[in-house]
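Student: From first to last, the protein sequence lines stand for chains A and B.
For the first sequence, this note's numbering assigns the number 1 to the initial residue and increments by one for each residue that follows.
For the second sequence, this note's numbering assigns the number 1 to the initial residue and increments by one for each residue that follows.
Simulated from the structure, these hints should not be mistaken for laboratory data.
Cβ atoms here follow ideal geometry from the backbone N, Cα and C, with glycine treated the same way.
Please note that the accuracy of each hint is not assured.
Unchecked claim - Straight-line C-alpha distance at most 30 Å; calculated DSSO-like pairs for lysine-lysine: (1) B:K331 x A:K331; (2) B:K331 x A:K104; (3) B:K104 x A:K250; (4) B:K320 x A:K57; (5) B:K309 x A:K259; (6) A:K250 x B:K309; (7) B:K113 x A:K98; (8) B:K98 x A:K57; (9) B:K262 x B:K309; (10) A:K47 x B:K87; (11) A:K434 x A:K479; (12) A:K336 x B:K134; (13) B:K473 x A:K113; (14) B:K57 x A:K320; (15) B:K468 x A:K255; (16) A:K309 x B:K259; (17) A:K348 x B:K14; (18) B:K14 x B:K47; (19) B:K47 x A:K134; (20) B:K47 x B:K208.
Unchecked claim - From the structure, some residues in chain B lie toward chain A, with a derived Cβ separation under 10 Å: (21) L5; (22) K7; (23) E27; (24) P39; (25) F66; (26) S80; (27) A90; (28) D130; (29) W135; (30) P143; (31) I307; (32) G310; (33) E312; (34) L314; (35) M315; (36) L381.
2 protein chains.
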Amino acid sequence: MGKNLTKRSEDYSKWYNELVVRADLAENSGVRGCMVIKPYGFAIWEKMQAELDRMFKETGHQNAYFPLFIPKSYFSKEASHVDGFAKECAVVTHYRLKNDDDGKGIVVDETAKLEEELIVRPTSETIIWDTYRKWVQSYRDLPILVNQWANVVRWEMRTRLFLRTAEFLWQEGHTAHATKREAIAEAEQMMHVYADFAENFMAVPVIKGLKTESERFAGALETYCIEALMQDGKALQAGTSHFLGQNFAKAFDVKFATKEGKQEYVWATSWGVSTRLMGALIMTHSDDNGLVLPPNLAPIQVVIVPIYKGQEQLMAISEKAKIIMADLRAKGITVKFDDRDTHKPGWKFAEYELKGVPLRIAMGQRDLESGTAELARRDTLTKETIAQDDLVDTVERLLKEIQENLYNKAVNYRNEHITEVNSFEEFKEVIENKGGFVSAHWDGTIETEDKIKELTKATIRCIPLDAKEEAGKCVYSGKESTKRVLFAKAY
Amino acid sequence: MGKNLTKRSEDYSKWYNELVVRADLAENSGVRGCMVIKPYGFAIWEKMQAELDRMFKETGHQNAYFPLFIPKSYFSKEASHVDGFAKECAVVTHYRLKNDDDGKGIVVDETAKLEEELIVRPTSETIIWDTYRKWVQSYRDLPILVNQWANVVRWEMRTRLFLRTAEFLWQEGHTAHATKREAIAEAEQMMHVYADFAENFMAVPVIKGLKTESERFAGALETYCIEALMQDGKALQAGTSHFLGQNFAKAFDVKFATKEGKQEYVWATSWGVSTRLMGALIMTHSDDNGLVLPPNLAPIQVVIVPIYKGQEQLMAISEKAKIIMADLRAKGITVKFDDRDTHKPGWKFAEYELKGVPLRIAMGQRDLESGTAELARRDTLTKETIAQDDLVDTVERLLKEIQENLYNKAVNYRNEHITEVNSFEEFKEVIENKGGFVSAHWDGTIETEDKIKELTKATIRCIPLDAKEEAGKCVYSGKESTKRVLFAKAY
């Protein structure tokens, strides 16, 4: 199976598209730009959700649910938001179909036209802040720390599975605070939560930073982000957290009485990650043989494949496998025993390689006799023969080791692909040939940012939080600059 | 708080609406017919989801995700399905908005009209079977046992929070099988899973049965259902499971090669429960003081309220409370300590009563001295003084007892409200005055069913699975009948 996959070096984009479909993660549907997330892909997303949800709750958030539809007029209330979001979207104009007059099909019933069009939410700030107005009277009602798991729709012309789809799944946190300081602290906290999740569960190293004004969320005063680097040298924005100031509170008239009895506007944040993370996960670790999954997010961490002739051998191997499985499960390890007689062991090996199962145990008649098993690692594609008595401990150790190995490999690749440049010639050369992040001085103007984008397709991914103060000259304009920012071509 | 709630005996419907809003479960949004599920209400729904999801997975199902939008033409492919679902629905006709020419607002961009309208899914059989065609080639690919947690939209003219909303949350299982027998077994299994969940977690007794032809799901050959009875004597359909035969396989051309190499159409089921269950839960147990929750689904099972004067007393009580909380949590019990200084104990008592928290512990200075605590039950509204040493065991025992008590109370009420009648006079009398289920003979015709509905507003809720064979005369037409069916007015 893996053998027929396009190689990354041949066509990275084609490799990705093929991998997503052939590893049973997702596929295109009959609806333009909308994907079907298949059970195996969804199982990974569920593991992501479970961890993130736990982290959100540990930081004091609760889940809630707000309407899918947003009245058109809500978007007009926050000036910058409308330009960012209300344009390419799905518009509901009617609420009934009827049988066609010729009786051959169904058509829109023109008498059932909505007075005001409804927009399928591209993000929920407006409908949520319209609701918060009813929830907030006094400082006692603050903070509101709410998250929503939902589907959203942004009409995209060019779509790619997980990376850019018209409909996608995400979570959106929307919080309301009494003070500016508290709101900023919340936005920063959630950026750290996202980074923690990306690094410790996805094994994807990220750079924390701030977006420039032109890359900010529509309606935000500050956008915090985490940026990852894919194997083709392109950056991917993996999560954003926005400090929204009082913009939405003013647009939707959300005020509270302070302890002193004064009326003040509420301070806001919003933050989100989406099924796009699946794209980041896939592209960071996978290889020409297929998917590679970090153990912390693998729906199946270990698969046991019996190698047998006849029912008697299978019975003997199954008996042994059951004991091993019970021991592994007692340690919280997810294990599958694939005793299907419809497929041969070689086929199964290829299948689990393609699907990125971190560890594979093969057991045959000879293994039973010698008290051994063959253990194969997906990340290094190495095999070793292990005494059955050591199997459980070895598996436990290797799962940790694989998780670390994937992270370290990704960190090394990422670090090798942050290049400091000091001239625009160098800048273009690196962006064009080496790829990755380019660390360069920038004069802080939108004009320069736009010009660089026009000339190189590279955008400012972020102003890293840990950027050191350093006097320099803008790589394009030569004007004064005090710190370097990171440029890259991006997904 | 509870004191200002409308009484059930005064106006049951008003009582329900007030309760849902005041217990912080849900509220109407600015979008017609769409609700906001508030954090406390959503926490209950999350507990329902978690249990159901576990039960689905234990019966071999996996989750997946299919598109929100369905092309209009898909609905026309299954003849009976289109009449049932494609009528009152949200229709997406455009994919872009633009600034109005007068610059004052945004309007639909008429140049961005979709070639084919998209329907916001009212249910997903069509899009899913369009997908299954690609997933199924041979018997090896069957069964497909897939579930989806999703939002769906059915344009309702008269809406009520949780019971009937334009958008609601649900799960929809869609399975594909090689044989008719296996598909029927699946549909029956899921009805039993739903009944198990309703009775053991929601503490809501249900009657399992079959729908009559006219009450069947559009496109089903058989609809299994569970029917519950509310305190106002009206029935509520709590879940349905459909045997769809080969209808969708034929409409979407889903065939498989049998072991013998023949091409056959695949057999289907679908099954779902929705946020409507929240309505059933609320209406089955709650009283004039507010919500009553079964411990198995209560987000907070026990609340501890300190009664104190000054920081010193609070510190002493907190110390004791922390020990109790740790002991309770070690037993898997969810406990909250409400030491907010913004509200008085009496206010908190009323709040947790309104919100249906099963057990409340109050501890004051005198309790500390005497080593006691006051324990109050939400279901019986009784209080007792307990030695602190017995508290954890008592709480554990009472949570079980409350769960059982609520179920038994509901079973008694339900059983008292199943009335056998043998004449249409009696039928009308019971439906009009006593309410509940009427068990009566029916001649099996749609005409009689319609006529009875027209005259009494009662519908056939189900043909109970355990209905005994019994010769009789139809209560309306006097024609022969072999078993009794259950009629009721319904939500």
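Student: What are the numbers of the hints the structure violates, in ascending order?
Tutor: The structure conflicts with hints 2, 6, 8, 9, 10, 13, 15, 17, 21, 22, 26, 30, 31, 32, 33, 34, 35 and 36, although it agrees with all the remaining ones.
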